[in-house]
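> Turn these sequences into a full structure, and let the hints steer you where they fit.
Numbering (my numbering), first residue to last: 1442 to 1787.
Please keep in mind that the hints were generated in silico from the structure rather than gathered at the bench.
One thing to keep in mind: the hints can contain errors.
In silico DSS-like links for lysine-lysine, alpha-carbon gap of 30 Å or less [as the list claims (entries may be wrong)]:
{"#": "1", "residue 1": "K1630", "residue 2": "K1490"}
{"#": "2", "residue 1": "K1630", "residue 2": "K1676"}
{"#": "3", "residue 1": "K1490", "residue 2": "K1765"}
{"#": "4", "residue 1": "K1765", "residue 2": "K1691"}
{"#": "5", "residue 1": "K1630", "residue 2": "K1648"}
{"#": "6", "residue 1": "K1631", "residue 2": "K1676"}
{"#": "7", "residue 1": "K1691", "residue 2": "K1676"}
{"#": "8", "residue 1": "K1631", "residue 2": "K1765"}
Just so you know, these numbers come straight off a predicted model, no measurement behind them.
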Amino acid sequence: MNGNGNTKVRLVDIAAEAGVSRAVVGQVLNRSGGTSVRVSEATRERVLKIAKRLNYRPNRAAQQLRGKPTRMFGVILDTVNLPVFSARLSAIEAEAHRRRFRLVIGQVHHDSSAIQEYLDDFADRGIDGVLCLFDVMRDIRSDLSKVFEERPSVVIHAAPVIDDQPCVRVDTESAISMLIEHLVQRGRKKIGLSLWSLTDELMQLRKDVWERVLTEHGLEVSEDLLWVNPAGVQKPTSEAIDECIVALVKNQGVDAIVSSNDMWAVRLVQALRRHGYQVPQDVAVTGYDNLDISEIIEPGVTTIDQCHESYAVAALDLLEASLKGEIPAEIRNRVIAPKLVVREST
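Next up, the structure:
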């Protein structure tokens, strides 16, 4: 036996070197002893150090055959909003590593059949639970509801697809409210809204909140102050950006634009300059997501931080709870409070 990976290291090998029982090692490395095996912190640290030095790797196949948890979770990631979901996935992976879980990743693109194939594949591999990290559009919600009915260990992002489905979401209503309240406090009187689509339920929610908050402040609410990308895609093309500026700034004279995300906000800031407008003196611009680019551009973009680390903790809490059986109702739907990040664009 050695630590270079040429010979498979067993629990009994680590136990012999640590001077403890195999059950103790199993509890430390695989949590296989439940509450019946008690381990001191000093013993735990000793076992972990030996396991690391010997390059121990758990036998997932053997665990699966014994019907034990593999300590592996699947994540299905949509490529539609990849910069945001990649950042969130990074936080989830870090939290999973801290809890000694491993992730298996699958990527899809707004395709219910591909999602079902990944769920089937994860089940065949003995994956303990699955996190669906994508926005569920209206046109595939019906198909996915049938898929999820048979999979109680699936945690969904944003909004449950079926009754009582575990869910983690960022409080979009609070986020949009904070952006508009901030603009009102800065003296903006005519606030436009730019959305990439209204087929996404979260985009529709943004519109509803925008209308409500403006009404509460006695400010103008009009369909003319709303611009929706005719192409219905997230990518902010030059043509779409110019159309937005003509519709909201040149035609309606807005003094602020709440945009779909940071990529749209950055492109709007750049294009407004080309059209002869100053940001924020003439038009304030807000983003959403707090991507690195929102801080790098000049002026920096006021935006929303979705607090990926908090999201990751909540998602792993739900996945771990699903391993133990029924998830308590009080934690079944987790809501993450976003943060307003104020920069020079407002």
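> Please go over all the hints and tell whether each is borne out by the structure.
Do the hints match the structure? See the list:
1. K1630 <-> K1490: violated (62 Å)
2. K1630 <-> K1676: holds (28 Å)
3. K1490 <-> K1765: This hinted pair holds, its Cα atoms lying about 28 Å apart.
4. K1765 <-> K1691: Cα-Cα ~58 Å, so violated.
5. K1630 <-> K1648: holds (17 Å)
6. K1631 <-> K1676: holds (26 Å)
7. K1691 <-> K1676: holds (22 Å)
8. K1631 <-> K1765: Status violated; Cα separation ~52 Å.
Violated hints, in rising order: 1, 4 and 8; the structure is consistent with all others.
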